[in-house]
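Top to bottom, those sequences are chains A and B. No gaps in the numbering here: position 91 of the first sequence is 92 in my numbering, and each next residue is one more. No gaps in the numbering here: position 124 of the second sequence is 125 in my numbering, and each next residue is one more.
Among the hints, a few may not be true.
Unchecked claim - Listed next, the stretches of chain A that the computed footprint assigns to chain B, with coverage defined by at least 3 CB atoms under 8 Å from CB atoms of chain B: (1) 3-14; (2) 21-32; (3) 48-54; (4) 60-67.
Bear in mind the hints are in silico, worked out from the structure with no lab data behind them. Computed from a predicted structure; not experimentally measured. Just so you know, even glycine gets a beta-carbon here, dropped at the ideal spot from N, CA and C.
2 protein chains.
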Amino acid sequence: MAAAPTPANKLESLLHELIPISRAMGIRVAHLDADSLCLEAPLALNHNHAGSGFAGSLYSLASLTGWAFLRQLVDREGVAAELLLAEANVRYRRPVTADLRAWVRVDAAEQARLLEALRAGRKARLPLEIVLPEPADPAVTFAGSYFARPISR
Amino acid sequence: MAAAPTPANKLESLLHELIPISRAMGIRVAHLDADSLCLEAPLALNHNHAGSGFAGSLYSLASLTGWAFLRQLVDREGVAAELLLAEANVRYRRPVTADLRAWVRVDAAEQARLLEALRAGRKARLPLEIVLPEPADPAVTFAGSYFARPISR
Numbered sequence: 002m003a004a005a006p007t008p009a010n011k012l013e014s015l016l017h018e019l020i021p022i023s024r025a026m027g028i029r030v031a032h033l034d035a036d037s038l039c040l041e042a043p044l045a046l047n048h049n050h051a052g053s054g055f056a057g058s059l060y061s062l063a064s065l066t067g068w069a070f071l072r073q074l075v076d077r078e079g080v081a082a083e084l085l086l087a088e089a090n091v092r093y094r095r096p097v098t099a100d101l102r103a104w105v106r107v108d109a110a111e112q113a114r115l116l117e118a119l120r121a122g123r124k125a126r127l128p129l130e131i132v133l134p135e136p137a138d139p140a141v142t143f144a145g146s147y148f149a150r151p152i153s154r
Numbered sequence: 002m003a004a005a006p007t008p009a010n011k012l013e014s015l016l017h018e019l020i021p022i023s024r025a026m027g028i029r030v031a032h033l034d035a036d037s038l039c040l041e042a043p044l045a046l047n048h049n050h051a052g053s054g055f056a057g058s059l060y061s062l063a064s065l066t067g068w069a070f071l072r073q074l075v076d077r078e079g080v081a082a083e084l085l086l087a088e089a090n091v092r093y094r095r096p097v098t099a100d101l102r103a104w105v106r107v108d109a110a111e112q113a114r115l116l117e118a119l120r121a122g123r124k125a126r127l128p129l130e131i132v133l134p135e136p137a138d139p140a141v142t143f144a145g146s147y148f149a150r151p152i153s154r
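Between the sequences and the hints, there should be enough to build the whole structure, so can you do that?
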């Protein structure tokens, strides 16, 4: 009998289903816990002319890491919300020469603030910092301004 | 007899060969002249959860439009250079609900400044504004800081 899908498996399937280029990029959920998410994508599918990580793929992976964390958070909490990226700044400090990895961490207080606004029927803006490939050794930093809006079901 | 490839055909083949995700995104060269380039990608391959253009694909298309314009410029002028995107800011003003299109225009004076620096063996930084889908009706604006470095052949 196949094992029941984990929350990480479910999130990965949801991304591939909703956003088809994430499947073409080979995006996988590498880590998911209550306050952090790591998405990965193979360099072989996402390299540039120089054989290092393509700037656009690094950005796509980062933007999805932020969006996917928020998406599984509202789903887990049973809150219906539309989540959008409004603006972002990305800085490439050095080439990424291995498989692409992006990390986001959202602390419990930030999560509570977002959920409280949505449950009260209010919009919320959430700035998120996403780091590739590891927080301790950033090659690329992404600062995104996400926007959440409650929707009625 | 097949027609000889145009500069636009050659640029499109080069992008697909050097940066494989550009092929998976279905990127095409829609327009190329001495001072402007338009790249396109079908919405069907690049939509998000809401059926509009995925933020990451919009960014990838924009960043490639800037890079590809510079690449065909230095190739056309016989100047060997490494071209990189160092930093970018992107703003999503409204959803893109048709096929994705990104435009860049680099005037002759900016082109001359870049080529002169490279021919003199100097690095150059070039800020480029890329607009989606049309300059007259921006849904997404991308401000990228590109970096060019002469390389010896």
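These are the hints, each one checked on the structure:
Judged by the Cβ-Cβ criterion of 8 Å, the segment 3-14 of chain A is not covered by chain B as claimed, because only 0 of its residues qualify and three are needed. Coverage of the segment 21-32 of chain A by chain B holds. Counting CB-CB distances below 8 Å, 4 residues qualify, and the rule asks for three or more. Counting residues of the segment 48-54 of chain A whose beta-carbon sits less than 8 Å from any beta-carbon of chain B gives 4, enough to reach three: the coverage restraint holds. For the segment 60-67 of chain A, the proposed coverage by chain B is satisfied: 5 residues have a C-beta within less than 8 Å of a C-beta in that chain, meeting the threshold of three.
Hint 1 from the earlier list is the only one contradicted by this structure; the remaining hints agree with it.
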